[in-house]
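S.K.: Construct the complete structure from the given sequences, taking the supplied hints into account.
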Amino acid sequence: MNNKSEDPNLWNDAAEAQKLMRERQHLDDGITSVRAFEQQMQDAIDLIELGEEEGDAGIIKEAEDALRVLRTEAARRQVEAMLSGEADSNDTYLEVHSGAGGTESQDWANILLRMYTRWAERQGYKVELMEVHDGEEAGIKSATLLVKGHNAYGWLKTESGVHRLVRISPFDSNARRHTSFSSIWVYPVIDDSIQIDINESDCRIDTYRSSGAGGQHVNTTDSAVRITHMPSGIVVQCQQERSQHKNKAKAWDMLRARLYEAELKKREEAANAEAASKSEIGWGHQIRSYVLQPYQLVKDMRTGVASTAPDDVLDGDLNDFMEAALAHRVNGGADAVVEDLN
Numbered sequence: 094m095n096n097k098s099e100d101p102n103l104w105n106d107a108a109e110a111q112k113l114m115r116e117r118q119h120l121d122d123g124i125t126s127v128r129a130f131e132q133q134m135q136d137a138i139d140l141i142e143l144g145e146e147e148g149d150a151g152i153i154k155e156a157e158d159a160l161r162v163l164r165t166e167a168a169r170r171q172v173e174a175m176l177s178g179e180a181d182s183n184d185t186y187l188e189v190h191s192g193a194g195g196t197e198s199q200d201w202a203n204i205l206l207r208m209y210t211r212w213a214e215r216q217g218y219k220v221e222l223m224e225v226h227d228g229e230e231a232g233i234k235s236a237t238l239l240v241k242g243h244n245a246y247g248w249l250k251t252e253s254g255v256h257r258l259v260r261i262s263p264f265d266s267n268a269r270r271h272t273s274f275s276s277i278w279v280y281p282v283i284d285d286s287i288q289i290d291i292n293e294s295d296c297r298i299d300t301y302r303s304s305g306a307g308g309q310h311v312n313t314t315d316s317a318v319r320i321t322h323m324p325s326g327i328v329v330q331c332q333q334e335r336s337q338h339k340n341k342a343k344a345w346d347m348l349r350a351r352l353y354e355a356e357l358k359k360r361e362e363a364a365n366a367e368a369a370s371k372s373e374i375g376w377g378h379q380i381r382s383y384v385l386q387p388y389q390l391v392k393d394m395r396t397g398v399a400s401t402a403p404d405d406v407l408d409g410d411l412n413d414f415m416e417a418a419l420a421h422r423v424n425g426g427a428d429a430v431v432e433d434l435n
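To convert, count from 1 in the sequence shown and add 93; that's this note's numbering.
One or more hints might be untrue.
Estimated spans, in silico, between C-beta atoms of each pair [stated by the list, open to error]:
(1) Lys359 / Pro263: 40 to 46 angstroms
(2) Asp265 / Met323: 37 to 43 angstroms
(3) Asp404 / Asp284: 48 to 54 angstroms
(4) Ala167 / Glu230: 45 to 51 angstroms
These aren't lab readings, by the way, just hints derived from the structure by calculation. Beta carbons: idealized from backbone N, C-alpha and C, even for Gly.
M.R.: What follows is the structure, encoded as structure tokens:
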């Protein structure tokens, strides 16, 4: 890797050079981190030995606390070692779609959009809003995020599926409890080294006016682009740019990414003999339930992992759920026996 980075001809291909330098930096960071981890562990062991020799319980406790922190860090790194899939290190798209239920599910979709944006920001990732379709009264009908950062797809890929919310509706004057559904779909950004052939005659391209905030321009020109791939039924759309041409180019990139993700899914299903995660947005298909009333609990229906702090989860505290889902997938994807929430 170092020899390649020192090649004087490296920057003849700027894109390839940047990719190589990012990979080199990632490897350097990993090596430095492991060495620091080993040193911290040895320091803690030495402190315990010193404390035992001098009979100093305070030193021993301090060292034991440090080892507990290192144990947590070791568990996190073990999870990261699972991110070895073909596209796990890539940037990723994340789509949010509201289910049936009008304003209720559209508001829930908007809450999920914020939840994943907050999670990405916590991880130090960059987030771009590619498109959004606002709801009639509140919330959103759909939106697409682009999450940029190392292992973004690897972390988020297990979030694909239906998410269920139970709460007292803020839109119900009688303050009744409502159940809402929205779905998440995650697929990786692909680079030029991955060839995805698309027959343009199999696609329908539509233009429309952008929705949401963005100034006068988005409301007066048909700059947004939607591409429908007829053979697969996959639909992608982009309204991020003011230029229809740029939106169309990004939409083609998104379509290639969706088709690539579909192929990855086929391979995984063949290996694990598991059903596809994308299904009807409704009861019986959810991967996770978020209950705010009459009690507070978030529970993953695949792994059984739960949290009694839904406000923290909805503010982006998702790593425990993601880590368990990754381990669940690596171990073959067999669902745990988990009692659903009423």
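S.K.: Run every hint past the structure and note whether it holds.
M.R.: Hints, one by one, checked against the model:
The hint said 40 to 46 angstroms for the Cβ distance between Lys359 and Pro263, and at roughly 41 angstroms that hint holds. Separation of Asp265 from Met323 is about 40 angstroms and conforms to the stated range, judged on CB atoms against 37 to 43 angstroms. At about 38 angstroms, the beta-carbon gap between Asp404 and Asp284 misses the expected band of 48 to 54 angstroms. With their beta carbons about 48 angstroms apart, Ala167 and Glu230 fall inside the hinted range of 45 to 51 angstroms.
Violated hints amount to a single one, hint 3; each of the other numbered hints is respected by the structure.
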